[in-house]
Structures are given as structure tokens and as C-alpha cells.
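So the sequence lines, in the order shown, correspond to chains A and B. Take 1 as the starting number for the first sequence in the working numbering and just add one per residue. Take 1 as the starting number for the second sequence in the working numbering and just add one per residue.
Read the hints as simulated data drawn from the structure, not as lab findings. Some hints here could point you the wrong way.
Only part of the chain A face toward chain B is listed, based on derived beta-carbon distances under 10 Å [as the list claims (entries may be wrong)]:
hint, residue
1, D230
2, L233
3, L244
4, Y261
Computed beta-carbon distance windows for the label pairs [unchecked claim]:
hint, chain 1, residue 1, chain 2, residue 2, range
5, A, K146, B, V115, 40 to 46 Å
6, B, K210, A, D182, 49 to 55 Å
7, A, K239, B, E336, 41 to 47 Å
8, A, D182, B, V16, 43 to 49 Å
9, B, I170, A, P120, 54 to 60 Å
10, B, L238, A, N116, 32 to 38 Å
11, B, D286, A, D182, 55 to 61 Å
12, B, A64, A, D182, 39 to 45 Å
Quick caveat, the model's predicted, so the values are computed rather than measured. Cβ coordinates follow ideal geometry from the N, Cα and C atoms, glycine included.
2 protein chains.
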Amino acid sequence: MTERINHQWRLAARPVGTFKPSDFTWVEQPVPELQDGEVLVRNQYLSLDPTNRAWASFDTYLPAVEINEVMRGGGIGVVEESRNDKFPVGTHVQGMFGWQEYVVLKSKEVQVLPVNPAIPITAYFGLFGHIGLTAYYGLLDIGLPKAGETLVVSTAAGAVGSLVGQIGKIVGCRVVGLTGSDEKCEWITKTLGFDAAINYKTEKVAKALKTHCPNGIDIYFDNVGGEILDTVLGQINLKARIVLCGLISQYNATEPVPGPYNFVQLLMKRARIEGFIVLDYLNRTDEAMAKLGAWFLEGKIKYRVDVVEGLEQAPLAVNRLFDGSNQGKLIVKVSE
Amino acid sequence: MTERINHQWRLAARPVGTFKPSDFTWVEQPVPELQDGEVLVRNQYLSLDPTNRAWASFDTYLPAVEINEVMRGGGIGVVEESRNDKFPVGTHVQGMFGWQEYVVLKSKEVQVLPVNPAIPITAYFGLFGHIGLTAYYGLLDIGLPKAGETLVVSTAAGAVGSLVGQIGKIVGCRVVGLTGSDEKCEWITKTLGFDAAINYKTEKVAKALKTHCPNGIDIYFDNVGGEILDTVLGQINLKARIVLCGLISQYNATEPVPGPYNFVQLLMKRARIEGFIVLDYLNRTDEAMAKLGAWFLEGKIKYRVDVVEGLEQAPLAVNRLFDGSNQGKLIVKVSE
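Produce the complete structure using the sequences and hints provided.
Printed below as a string of C-alpha cells:
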């Protein structure tokens, strides 16, 4: 058998502000030999997520990636060699592969992907997996939406936000999305069925929220934090629920970031802010995947992916999550 | 019948920073004649609370006190004249009497006080009423304490905080209180049974919390906001609950106040901050009062009151809530 060569992006430095190419090193090395029970997976698609930026800098819900370690990231791939009868060559799998072409996994690190011809493989990034779990449980378990309530979603054309809004519509909420371009506004209203969209780069957010949320805001699903969270806090209803799913606006910060100035509204409105991380729901994956799959096949939920070609592109592509230039779930195609 | 003279403190100006004498006007006027169904109440004790400062400045859960209106405040008193058979002369009552010696109340504004010789009248301020309700439901319904968890309480020697800590002990928590003098630290540990006390004026709060909360912080009952909230956020456990019951540190602020810099910890620790205001629990008064009364008679709960003599003192006395010089629930004795 010819020796396989693995390419990897390793973290070279703690990033300051957005990622720079010098924060990573491109490493080439032979794929190690398998031990009994292990499989060799060829990475096909790599998921890029805002949390990559946090992982590279500080301990979060996972320890920070170490300097010189392969950059952490989730992937989908296929078993190329196997010394484990449970996972024969050709099995489709997902897991934390890292930013590399090949990964050797032990038995307990392998998660087999169900194969359904009606569901494209990219759905495992854009609809299922951590994206779908995040939207499903973040909205339903933490946001506790009721029919007739008003739901506001930030990064509404993003992978999580676009699902949150669609699930909100299924539940019977009025759904208003915030996003950063007219094209995205059109996509979430015309294609996804949001009731209204606000382009936060060109519109006055406070005024637009007043217009589109005439009965106030009951639930805010937030991926951003910062000024928009502050503006929303100024318009929440009594007993509002704010799902804090991400704080994109501050992952690149180089100075301490204050919390919202309208913090006092939590008290005045007896409202709740609650942090949510999908890792706490991994043992409830089945329920969410079954529902999301059914809604997808019924045409009630749509998703889109933004595919970048080639692992070499990952360090620059990941910054598109922070300037808003991605259109849908951002993934890197690593191999066929 | 001789004409009765009523003295009142009316709000003269929106306060800037702490209250100044010039923010109020001392008004003398005859008590109006009663209409059918009304009673005349002589105010005996007036409750001073941090929320007075908020009411004087801005709309909260209640509209701001209008300029030239009698300052809002809760009181306990006795019916002196009655044109309502349900409330004969001599009935002990409580309600929103305002900062004045006499108040005319309509039937629906009268709340009769139960009279129990084993319970002193000041208990209706220090233990029952809004103080007791706030501590009871704020801790139990919003904080959701479980035996073995660690509860931290700010303004721990204050009216609400001292009850919260004692209820926390009854539930089986480790209880650590923050307060502003060594005398108060001694009172909450030696007399009230808190596990530890921190003098936030003389100790390094972050270090002291680490010492006294070796297993991290599960519940924080906060009346203060500001730096201490930030410090606590740096030491919360997964799924921590923060009960936001007050924001004393910012009621006197003259500039916008940022939220906590450790706001991101809510996300990292999947923690919750929830605002709480006792008004939402008025329909559940009976349960709380029955429990608190039983605990008091069993000696499991203590309270103390700090009595200021004379309604004239109210405008200056209320500031003691903000410099921490009160010792227990602050009340003004208006008449015998």
C-alpha cells in the first residue's frame, strides 16, 4: 500500500482580533499506522463555526486548543482503512476530525452517519448535527416559545439562526430576523417564511424592531451579544426569555467587553437570560434529529450551505463568519 | 372633632445621585373628610427600601412618582376614623400609605393585618410583607436551591438578604454572605447561622469567594449588581442561577452603567440570570407568610429592624440604605 500523506492546519499562535494566516502552520506528515480497534477516516467536509475562534483563544466549554495542536473542528468522512469489524471500509462517519485530511479514530470516537438517499450529505452540517441540535433545543427548551409570541433571531440567515426562525414559525410565533444584507433579508422572508427581516447594517435597529414587533419581544435567540442585544433588551416584554447561544460580537475582542447597558431591564421586566451550549443535549440527539428530518422531508424546513473548496482555505474562510459574508452553513470540502 | 393636620413629604425634584433634602418638600395640610366606604389611617411605621430611589427617578415596575406627588412608600397603621363597617376604628392595616402621617384609603386599598401576640408588629416589615415574599419566592422559585449547593447572597445583613441566607440554610445550602462591616459579618454568621461572611469593603472579594466557596457558586442572590456581580460570574458553576432582585449599585448612577464584563460566563457555564420582582407573587402571599411565621416561631429565622424616629427624618434616613449604615430593615416610626 502506498504511504498516505496527511495535511494539517496546526494552531501556531493565539489569535488577536480576527484570524491571520500566521496563526496557523500547514504541516505535512505520513498517516500513522492503525492499531487494533482503530479506523482511518478520510475527511470529506469540515465544519467552520464561530466557536472555532473561541476555541483558539481561551478555555470555553472545552479547553482551548493548545499551541501546535491540530486545530479543532467537526467533520464528515468515510472510513478508508479499518482494524475494527464494527466500522468496515466505506462507512460514513462524523466526529471531531480536526483541520486535517485524515484522522485516526478509536472505536468510541466514531459516530456512524445514517445514510438516507432523500437527505443530502451536507444536511449533516446544515440541518442535523450540532447546528440542528442547537436550534432545536436552544429555542424549544430554553426559549420556551408559545404560539402568538414574538421571536427575534440574530444572525438570522446563518446556519443556526435560519433554523431557529423556521422552528419558531412551526410553533406559531411571529418571527423577525436580523441579518446583514438585503439578499439575506429576502432569503429569510421569501424562502424561509420569516414574518419580517431587518438589515442591521443599513436600518436603525431600534426603530425597525418597534415596527416589526408591535407587541414587544417575548423571545430573543441571540448569537451576537453587543449593541443589538442591548437594543433588544430595551423592547422586551414582561417575562421575556433571552437564549444566549453565542457572542460573536466579542470573540475577536482585544479589550474587556462590558455586558449590556440595558441590563437593568432584566430586573424591570422579570426577564431571563440563559446561556445554552449544545453539548448538554447530546444525549437527546434522537428526538431532535427525528423531528428535523420529518420537517425537512415535509418541506417545512430549508437550509443552505456555503462550500469552500480545499482545506488550505480554512484559515481565511473562517473569518467570513465574522464579517457576515457567508451564505448559509459554512463548510470546507476537504476531499471528494 | 378637632381638625387633624397631616404632614407629608412630597417629591420636589428628580434626584441626581443620592437623595438630597431639596428633593423633597415638607407640606402641612388638613386631613380631608371621609366619603362613604373610606377609612382614615394613622401611619405608625413607614418602610424605607432601595426601590424608593428608583421610584423617584424613573418608571420601573410602577410609574415614577410624579413631581409634587406624595413620596411613595409602604406603611403600617391603625384606622382612626371609618365610614366602612368592614374596617372599624382600631383595625391594624398595611398598604401604600406614602410618606405622610395620615392617609385616606378606599375599601380595596385596605389590607388588614392579622394580630398575633407572639409576633411583634415590626415583623410585618422585617419578616412578612414584601421583604419576606421577596426572599421566599426569589430564592425558592427563581434560585431553585438544592441541598448541598452553594448560595452566595449580597447585602446579606440587609432585610431581604438576611432572610434569603436563613432560608438557604433551612433548605440545606452552604451559605456565604457579602456585607459591609465586621459587625454585620459577625451578626450573619454567629446569630443567623451563615457558613461564612465576607466584608466586601476590607477583603478581596474574588479571593474570599474562592476560599469560602471551594465547590464554586451555584446560586447568587443579588441585590447589588456592579463589580460584585462580575466577580461572582467569574466563579459560577455549570447551570448556576442568578436571582437579580435589585441593582442598588446603579440606582444612584448619573451615567449609563454597563452590564457585567463577565457576561460571557453565562454562555460558557450555561447559567441563568433572571429578574425578580415581588409584585408577581402577591397572589401567593399566604403560602410564604405561613412558612415564614412557622419558621420564626420555631426560632429558625431571625430579623432585626433599624428604627428611625420621626417622619421628618425620612429623606436623609433613606440614603443609609446606599451607604450600608443601616442595621436590619430600615423603618421610620411615624407615630405611636
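Checked hints:
no. : hint                          : result
1   : D230                          : holds (8 Å)
2   : L233                          : holds (9 Å)
3   : L244                          : holds (5 Å)
4   : Y261                          : holds (5 Å)
5   : K146/A <-> V115/B: 40 to 46 Å : holds (44 Å)
6   : K210/B <-> D182/A: 49 to 55 Å : holds (51 Å)
7   : K239/A <-> E336/B: 41 to 47 Å : holds (43 Å)
8   : D182/A <-> V16/B: 43 to 49 Å  : holds (45 Å)
9   : I170/B <-> P120/A: 54 to 60 Å : holds (57 Å)
10  : L238/B <-> N116/A: 32 to 38 Å : holds (35 Å)
11  : D286/B <-> D182/A: 55 to 61 Å : holds (57 Å)
12  : A64/B <-> D182/A: 39 to 45 Å  : holds (41 Å)
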